[in-house]
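**Q** Spelled out from the first residue to the last, the chains are:
2 protein chains.
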Amino acid sequence: MRVFITDTTLRKGMQSASLELTYEKRKELFFLLSSTGIHELEVGVPAHSEEERDYIKYLARSQHGDKVIVWNRANIRDVEASLECSVKKLEIAIPVSDFMIKEKLNKDRDYIVRLLKEIIPYVKSKKLYLSVGFEDVSRADREFVIKLLECIREEGADRVRLSDTVGVLNPLQTNELVKTASSFLDVEVHFHNDFGMATANSITAFLSGAKYINASLLGLGERCGITPLEEVVFYLQLIQGVHTGINVKRLYEIVNYFIDMTNIHLAPNKPLIGKNAFTNKSSIHIDGLTKSKRTYLPFDPEVVGSKAALAFGLYSEKANKLCKK
Amino acid sequence: MRVFITDTTLRKGMQSASLELTYEKRKELFFLLSSTGIHELEVGVPAHSEEERDYIKYLARSQHGDKVIVWNRANIRDVEASLECSVKKLEIAIPVSDFMIKEKLNKDRDYIVRLLKEIIPYVKSKKLYLSVGFEDVSRADREFVIKLLECIREEGADRVRLSDTVGVLNPLQTNELVKTASSFLDVEVHFHNDFGMATANSITAFLSGAKYINASLLGLGERCGITPLEEVVFYLQLIQGVHTGINVKRLYEIVNYFIDMTNIHLAPNKPLIGKNAFTNKSSIHIDGLTKSKRTYLPFDPEVVGSKAALAFGLYSEKANKLCKK
Chain W
383 MRVFITDTTL RKGMQSASLE LTYEKRKELF FLLSSTGIHE LEVGVPAHSE EERDYIKYLA
443 RSQHGDKVIV WNRANIRDVE ASLECSVKKL EIAIPVSDFM IKEKLNKDRD YIVRLLKEII
503 PYVKSKKLYL SVGFEDVSRA DREFVIKLLE CIREEGADRV RLSDTVGVLN PLQTNELVKT
563 ASSFLDVEVH FHNDFGMATA NSITAFLSGA KYINASLLGL GERCGITPLE EVVFYLQLIQ
623 GVHTGINVKR LYEIVNYFID MTNIHLAPNK PLIGKNAFTN KSSIHIDGLT KSKRTYLPFD
683 PEVVGSKAAL AFGLYSEKAN KLCKK
Chain C
383 MRVFITDTTL RKGMQSASLE LTYEKRKELF FLLSSTGIHE LEVGVPAHSE EERDYIKYLA
443 RSQHGDKVIV WNRANIRDVE ASLECSVKKL EIAIPVSDFM IKEKLNKDRD YIVRLLKEII
503 PYVKSKKLYL SVGFEDVSRA DREFVIKLLE CIREEGADRV RLSDTVGVLN PLQTNELVKT
563 ASSFLDVEVH FHNDFGMATA NSITAFLSGA KYINASLLGL GERCGITPLE EVVFYLQLIQ
623 GVHTGINVKR LYEIVNYFID MTNIHLAPNK PLIGKNAFTN KSSIHIDGLT KSKRTYLPFD
683 PEVVGSKAAL AFGLYSEKAN KLCKK
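Protein sequences, first through last, are from chains W and C.
If you want the numbering used here, it's the position in the first sequence, counting the first as 1, plus 382.
If you want the numbering used here, it's the position in the second sequence, counting the first as 1, plus 382.
Simulated from the structure, these hints should not be mistaken for lab results.
Where hints are given, some of them may not hold.
Copies of the same chain look alike in the list, so a pair counts if it fits in one copy or across any two.
Unchecked claim - Straight-line alpha carbon distances no greater than 30 Å define the calculated DSSO-like cross-link-like pairs of lysine-lysine that follow:
hint, residue 1, residue 2
1, 631, 506
2, 561, 409
3, 561, 673
4, 439, 561
5, 484, 673
6, 529, 673
7, 499, 673
8, 529, 489
9, 675, 489
10, 439, 484
11, 689, 508
12, 509, 657
13, 657, 409
14, 673, 489
15, 593, 561
16, 489, 689
17, 509, 673
18, 631, 409
19, 470, 689
20, 407, 657
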């Protein structure tokens, strides 16, 4: 079993209120991430500006150019800006909930269908790989989603991206939605973390048939961000034994380098990366750890180049005693 | 449908490497949390020390004394220390994975069964409410878990606590495990966050039949912590429309007060609580938000006394324009 990880640190990550990176840093990060063996990188929005297109052209022509995918609104102008960059893969996003269609676009369902029927054949006529992103699919009418899945498959889209735009999906809903969608075409998932469920929804999606998981370093993105790349990769590889094609030790180094590069603030208990991620404190845990690391750790942190630690305080007489030895 | 939230900030939270609270602060927090309408608070470990017992006695005699539950290892000495505190509810924890039974206790499965058959009737003879915690249930043999569920039901335990001690369970496994366990007796879940899946596993557990969710403020606990109280409560109440008995606005105030009290470090994108939790930055999101708050927010943050915000940077010309107006 194989899963493909698609990184969006360079696009969605830039929407984090805490992060701004220069184009030079974005290029550096592109090559660092490529070196982990990651499948694909969503690097930006060609329609955004001339400068953005120059940067994308540079990446598209590089040795890892075939990993580049770019983001577009569902309109011909955006697609043309992408074509100008000579990329091989396109992502097109379109709102699919009635709420978004009405409140944001002031349109109706028929408009969405017409737009897709116009734009998909256009992209495919250019011999590009196309992922169609269903924005706000979690709040969308299920029958309409099925109608759209049929439509985009018929028009020749290569995959669908299910976006939980405001992070309200729970894993059982994810399971159902992904099972349905993957009976139509390849599924990618993009989950927001407004309630802290993005990683679990991504893992559930994979177990329910999704082939692609979209994520970003440390989960950076709008508001509470999205699925943290390192969490899904480490879980899939170290716990589920699923092949992601990514070198976890290299990824761990890059995450840590990225933290230094950006000076980003992390909680000490951030999974895998926070300074306390592998630190146990209670006597009972410490007692167990002296017998075997695996008692109170999900895996040996040395696998990724980190190490287990002990902390001291209330409930940790055992640690205190050990230290006095 | 009703769910019961059991807080363990005052016990498990104390095992966070980043936190130490005095007994005075723990008392203050007990009354603050009680005032939200929370069902139960796991306040400490009576066997730990004389000082710990004095503090627990004080809480047990207070007006919210019926919300108090205390943690014990599965041995008579621990239970006697709890009895001394005049509490009405007990939690007893016992390892159930072969790995823990062997590596930590150097015992076998029969020993676990014998211990439970000795201790449960003893506790029940004292007319106490008893929750039996299955430590490391996620790595345990399923048939043995079923045998133990039968055993503790027969001996009169009031509920079982399923503990994902090293945070390796995924939501589909949670779904299966909780469905099985809740066919035997009331289920409580206690999930660690080593891969960032504690909240989603807790929500899944509830949807699969669990009646009790154990959590702590900001998810404080050993290593990466456990299920964050505010995440499960807000999701259940604001998105699922499930009654938790908790006043979410009051809870939000208390979480913020707790952050000030402890000076704890949070990531800016911490769900619900981080300074960017309700901050959108990209033009497309900001454009949507000017039409309706719900386009790019899971709920109106004013419900909990917070508010939506905008940030500026790459991809946010729209925000810049709005500000110039």
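**Q** Output the numbers, in ascending order, of every earlier hint that fails for this structure.
**A** 1, 2, 3, 4, 10, 11, 12, 17 and 19
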